[in-house]
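Q: Listed below are the residues making up each chain.
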Amino acid sequence: MATHTLRPTLRRIKRRPLPHRRRKVAVEGELLSIAGLVGSPVYDVDGRRVGALHDLVVRWDTGEPHPPLWGAVLRSRFRHAFVPASAIAALAPASVRLTADFEPGPVERHPGLVALAHDVLDRQIVDAGGADIVRVSDLLLGQLPSGIRLVGADVSARTLLRRLGPAALRRHVAPDRVYDWAGVAAFSVRGPGEAGSVLRLTTAAAQLSTLRPDELEALLGDLPAGEREQLAAHVAGKSTG
Amino acid sequence: MSNIAAPAARPRRRLKRVLAFAAIAGPGLIAANAGNDAGGVLTYASAGAQFAYRTLFVMVIVTVALVVVQEMCARLGAYTGEGLGALIREQFSLRASAGAMALLFIANCGLTVSEFAGIGAAMELLGVSRYIAIPVALVGLWALTVFGDYSKGEKVALVLSLAFIVYPAAAILAHPNAHVVARDLLTPQFVHSTAFLVLVVALIGTTITPYMQFYVASAVVDKKIGPEQYPAERVDTVNGAILSDIVSIFIIIATAAAVGGTGPLVSAREAALALVPAVGSAAPALFGVGLLGASLLAAVVVPLSSSYAIAEGIGGERSVSDSFRRAPVFFGLFTVQLVVGAVVALAPGNLISLVVNMQLLNGVITPVLLTFVLILANRRSVLGDAANGRVFKVIATICVATVGVLAFAVLMLKLLGKA
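If you read the sequences in order, they're chains A and B.
Under my numbering, read the first sequence as residues 5 to 245, first letter to last.
Under my numbering, read the second sequence as residues 13 to 431, first letter to last.
So that you can see chain A by itself, here it is in the shape it has in the complex:
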């Protein structure tokens, strides 16, 4: 089985050396592309098609560097249903197989959960080490010893072009372009209910307080007003507290 070592920080950021050498993460087996998975067929244990994959949900607020898979949202005949991660028997690049005893439930939204394809893909993330804001071209799930987790993000323009192509190309992952999710300090998601977007700050956000003031200012300048205030308040709180 192949093992992929993820890139610890964005290659194009060369502003200054990283604050400390980050632990490299090795992922066993295949990396699964969220952009490629969405829309794939979902089968039950007998191989009957029960719907299409609408999104995958991870739990991001557990304090771990790699958020664990929480469940999947299925779409069948204009209805959306949620199945927990425990009911997912197998996750392949182009299909999802459920266990025998799966029970679809209502789709729940709470702040600790984030739907990857709809809330994070194509939105902005804040890099902790290199202090930059980039847009997510793809998100990658991988098998870690502790289970299936969100392991990385791809922010390259080449991956965007790949996604414009046919489905087979869309699912193809280029592991050398995948950037470790542990280096993501914050990600922007659709706001709850009405408002525009809000930032979700991860544990890596603590590293942002080590940035020089001018770096921090450049970083904040690239964010929309609401998110800018949110991040500025967070960094201010960290450095005084």
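Just so you know, these hints were derived from the structure itself, not from any lab.
Predicted model, so just to flag it, every value in this text is computed and none were measured.
Heads up, simulated SDA-like pairs for lysine to any residue below, C-alpha to C-alpha not over 25 Å straight-line:
#1 Lys236(B) x Arg194(A)
#2 Lys164(B) x Arg338(B)
#3 Lys235(B) x Glu221(A)
#4 Lys236(B) x Val193(A)
#5 Lys236(B) x Leu224(A)
#6 Lys236(B) x Gln234(A)
#7 Lys235(B) x Leu224(A)
#8 Lys235(B) x Glu219(A)
#9 Lys235(B) x Ser331(B)
For chain A, the structure is supplied; the task is to place chain B on it using the hints.
A: Just chain B now, with coordinates in the frame of chain A:
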């Protein structure tokens, strides 16, 4: 607005007043005035030359649509803090976003062509061959933007383009038939010909350009205008749109009074005749200077705005102060547009009809991109309580649909070879 329309009795004082006004005005005004670029001026002049005052009513309607559209764009910028490139990427599928960006790129390549054609036409009026002027302008503008400080050059170009402030005076001093002007402004005077329809779409394309919508939204974001400052910004945007169209209407009136009804405009020298009532024999030189300034200004702003929107959508660096190496997508796209613009404008042929055709291209693309803007501004998930209300939704949809139907008709006529 009344000082713009005042006769040229004391030109210096009027200029001062206009400058003071421009200084306090915000991005909306600057954006709308930058709309009177080479493409705009030559297309409005063409309308006046070919159909005299008959397109005036169309311009009144177009102004309403422009106000509606630009208000939506400014609102999207203020409430989300993101430009249209980023919003489209976040809110639509990647393929739809890529399509929108490709169309914006094509439209802006077309506009850049017309700006270089404007530079060529202006320099020919001033006695320099376009085969010299256009390559020099290409190299100069590129180097100034990539290596130098573009903002200084921008100010010079802006001052040159102020020459067009003579248009309202020229329009009034030409003593056009006030009765006819009033009638054509207030009642529809459609001419039943494909040439008229084509020109109407070109007028829409040059007034409600896709580039302008992206520019307005980014300018609001750039100035860090948020929901609190938005009410003042809205006034600015609406005034800017109206003011710019009033200048456009004066261009049509002045040209119609000078050479109205003589058929399509054939040269910049003919367009310059419209300024004779105000400045006499200096008209060709003044028109040349104004056209040069407006074209130089837009030849950089237009390709920059599409490079910015696309880089924003992709998520790359996008500032003129970055280096080429740090922002390769941004500067790469900028360079491509500039080169395409200059090369096409160097092709032998009538510069004026080239310019009008490029506005037509914009007119055909405009409704597609306006649909994106409309959907974004309708979505409560994007704007919350600031999303389009029911009445506004209806008005905006009618505007976009009308532009769409006209553009589609012209596209079909062109494809069938009837226009």
